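Given the structure of chain X, go ahead and fit chain Y with the ligands onto it with the hints provided.
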Amino acid sequence: MTELPDSNYKEPTSPQKFMGKAIKRVEDPRFLTGTGHYTDDINLHGQLHAAMLRSPYAHAKIGAIDASAALAVKGVRAVLTGQDLADAGVGSIPTGWLLPDLKVPPHPAIAHGEVNYVGDIVAVVIADTRAIAEDAVALIDVDLQPLPAVSLGSQALADGAVEVHPEAPGNVAFQWQIGDKDATDAHFAQADRVVTLKLRNHRLVPNAIEPRASLAQYQAAGDEYTLWTTSQNPHIHRLLLAAFVLGIPENKLRVISPDVGGGFGSKIFQYPEEVIVLFAAKRLKRPVKWSARRSEAFVTDMQGRDHESEAELALMNDGRMMGLRVKTIANLGAYLTTFAPAVPTYLYGTLLNGVYKFPAIHAEVTGVFTNTVPVDAYRGAGRPEATYLLERIVSKAAAELGLDASEIRRRNFIQPDEFPYQTPVALVYDSGNYEPALDKALGMVNYTQLRQEQAEGRRTGQKYIGIGFSTYLEACGLAPSALVGQLGAQAGQWESAVVRVMPTGKVEVLTGSHSHGQGHETTFAQIVAEELQIPMEDVSIIHGDTGKMPFGWGTYGSRSAAVGGSALKMALGKVKAKATKIAAHLLEAAPEDVEQVDGSFRVKGVPEGGKSFFDVALMAHLAHNFPEGMEPGLEEQYMYDPKNFVYPFGTHIAVVEVDADTGKVKLRQYVAVDDCGPIINPMIAEGQVHGGIAQGYGQAVLEETVYDEDGNLLSGTFMEYAMPRAEDMVQIQVGHTVTPSPHNPLGVKGIGEAGTISSTAAVANAVVDALEAFGIHHLDMPYTPEKVWRAIQDARKSQPQAADD
Amino acid sequence: MSTMDITVTVNGEQRQASVEPRMLLVHFLRDELELTGTHVGCDTSQCGACTVHLDGHAVKSCTLFAVQADGREVLTIEGIGAVGELHPLQTGFWEEHGLQCGFCTPGMIMSSAELLRTNPNPSEDQIRHALEGNFCRCTGYHNIVRAVQHAAGAMAAGAQPQSSAADD
Ligand code: FES
Ligand code: FES
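Those sequence lines, one after another, are chains X and Y. The first sequence: position 636 = 636 (the working numbering), numbered continuously. The second sequence: position 160 = 160 (the working numbering), numbered continuously.
No wet-lab data here; the hints were simulated from the structure. All the pointers check out, no bait thrown in.
SDA-like cross-link-like pairs, simulated, lysine to any residue; straight-line CA separation at most 20 Å:
no. : chain 1 : residue 1 : chain 2 : residue 2
1   : X       : Lys666    : X       : Gly457
2   : X       : Lys578    : X       : Glu628
3   : X       : Lys74     : Y       : Arg22
4   : X       : Lys666    : Y       : Gln126
5   : X       : Lys664    : Y       : Asp125
6   : X       : Lys24     : Y       : Gly84
7   : X       : Lys506    : X       : Val597
8   : X       : Lys643    : X       : Pro742
9   : X       : Lys666    : Y       : Glu132
Across the chosen pairs, the derived CB separations fall in these ranges:
no. : chain 1 : residue 1 : chain 2 : residue 2 : range
10  : X       : Glu709    : Y       : Thr7      : 50 to 60 Å
11  : X       : Ala722    : Y       : Asp31     : 26 to 36 Å
12  : Y       : Gly12     : X       : Met719    : 33 to 43 Å
13  : X       : Lys17     : Y       : Pro21     : 51 to 61 Å
14  : Y       : Asn119    : X       : Gly20     : 30 to 40 Å
15  : Y       : Ser123    : X       : Pro436    : 31 to 41 Å
16  : X       : Lys666    : Y       : Pro21     : 42 to 52 Å
None of these values were measured; they are calculated from a predicted model. All residues carry an ideal CB built from backbone N, CA and C; glycine is no exception.
With the rest of the complex left out, here is chain X (with noise of 0.2 Å):
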């Protein structure tokens, strides 16, 4: 990624402004009034109901299994096993990104043979109701052989660990570097000093509020599928269903995602359970649900980030940043999925460099296979492990240099003038301004009487406060088909949209983008109305289905509006062009000497007889006396490809306050000033970033995903995994600066998943700047009270007036 795309970014002209605007949401009074209709609301007549029979071991050998006892059960129609869908030829579900050497053991939707962590799929009923199914589960005899397992990613690493797969000797998937390996030495050896931080970015779950949910229906007539399913993006579904796992051929099967509640990641990915009732349908002739208990969501959605890391960070003593070396141990759980190699490399790797000008970076990550829950993309996906770990380690530095934490980043913040930027990582940074976005925030936090307080809560000992930073970059908007294709992604990442204007002028847009809670119904109407100058109530707007979209990539990594939005932008503009032509014929002038205003098309200085959009709508469709060789209707197409990723930015403060006798993190305050271009609509945004921050908060401060040795779930309920509350909250102080990408024509970045990768290395740093008071000087997350109160209570016993100065 080397050249910088050309500008074709312009500020918008049209009179009547939708762009910009906090429009309420128009697909709320449906959720509102409890009418949506999400993937388990869906009822087919004559449905049966699968429940799963999981793996209670992490790692076992599969012997004889027994289904006589719960076949004997009213109402049970089948028990599957791995043996069925072997005989059936299903495939292994698939990889969608590989790296050179990468190992890819096999990844049955059912277990064949052997189990690798607690939740993988051992046997399925298929019954009439879903008690009876799952009383039928339990009756399953399966004569499983315990195997040791291991379920860290640096024990997995260790000699004589268990092996998880015999594909990958010594439970290495791939090792993987980036950046300049000797020049970084060098610059290490020119460097004033190094600060060290060793460091573990430990394992979340998702915890989407929506379980997962699969619907199957066959039609032997025509040999025709369709799947609703709790997904991102259905067209992925689709293909590697069809073409890798099941071999049914494309166009036979549909994939339609109703409305979903929340993504994050988790419902991007290829499941079992997908593939058991497409299996189970056609084999039983009825249609044929799953729906998951969060107990299941628990140990088979998809977990997020678990590294384990080693940095350097050489500087200068004015706190110059020289260079940057980091050794990562990746944890990618069971099995490979769908994008798991991308995340702990090109989404992690690659953004180490941040917002800073460092000459040179090393980065090595070794990706470990274990007998726990696969991990994959969770919201941010690499992002928020790079940041939190170059956020800390900056941290960490200017305590170590005696400089403020404000202060060692704005000495090294790449300036205004040098975009587009090259990173010794590999990206090229399209555009960006850092320095107003640290000033706005720091304003907005009253920082110099922050610190104040601090000191003074310090030196009576009466109150520990802390204040972090985050002065994070994201790469979003995936992104360059080309690009990501050398870098071993099987998925092309343009995507698509369709302008469908109707006789009466109405608009329909079907978008391959997905909306999970995003509002897409609203912003990208916002984008259509601004654009054809039509009411907002004109347009409606359609995703989440195979069967009447184009293809597409459907929405993750923050992409919908930088490449699903410009997608809608480059369509409309065809509309126009063809508009006027229309407009032109039926008023008789050039197309040239025509152009639109407030959304009727005249002849250029001429206010009167202008034609509006209905009258071309209308016409285009009549097609009564159109001259020889326009084509009727107006309908248009576009696939948009991006230039370059985009590149959002900004600062984040947290605000805590510990309480030094109890161990309690308490969120105080929080700034959130984010820079993603201009803004389709404000009021969205910012909903965006308040939800991202509160699960950056929540990994930080609450969540834990925890395994024992072998490799069991110790947190694999709500009361067990803490997540955030409404009183672990504050009210978000969130502000903007505008910065916007020169390549796209929006010129729009992404804000989806900045909350969450900024947000959690802000409050960690904030933790840590609380507790520097008793000479503590890292601590890994989760600041739970007891980890918080006993690092203090070390801390005082080893320095015993640390903390009472």
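This is chain Y with the ligands only, laid out in the frame that chain X set:
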């Protein structure tokens, strides 16, 4: 498994059914009555997505058996307001962008309705406390708090819940 006959008044309408004693109220509402606005997020009484009112009090319908609602009144999100006659809380959530994916929203609204019934003018802390039993993974709660405040203000200013239940 044997079944029991129950009569439950749901959203003002008497509904009779024959259900297995182990059927949870939430499944009765969703599967038997096809009132799918009440959601299942956890089935362990943690997330609040299934919150409904039983005899005027907010309860988690995944914690009760349908037979326990026999002879009693249940109000669900479908009964609290409808398009064109939204409850002030529904309006508040809409105005303040108190929802994203909308999955937690019915439960949030039902819990908030209980709060405003007992405390028409809650402080921010009281709202946060009252919603402790309801997870939202999308909004960060920021706008949910504002939505409840919006509704409290509107109700204090005389906006009436326009639901069928309130018209009784
Ligand atoms: S489904 Fe009842 S509380 Fe979660
Ligand atoms: S709006 Fe998605 S869980 Fe609350």
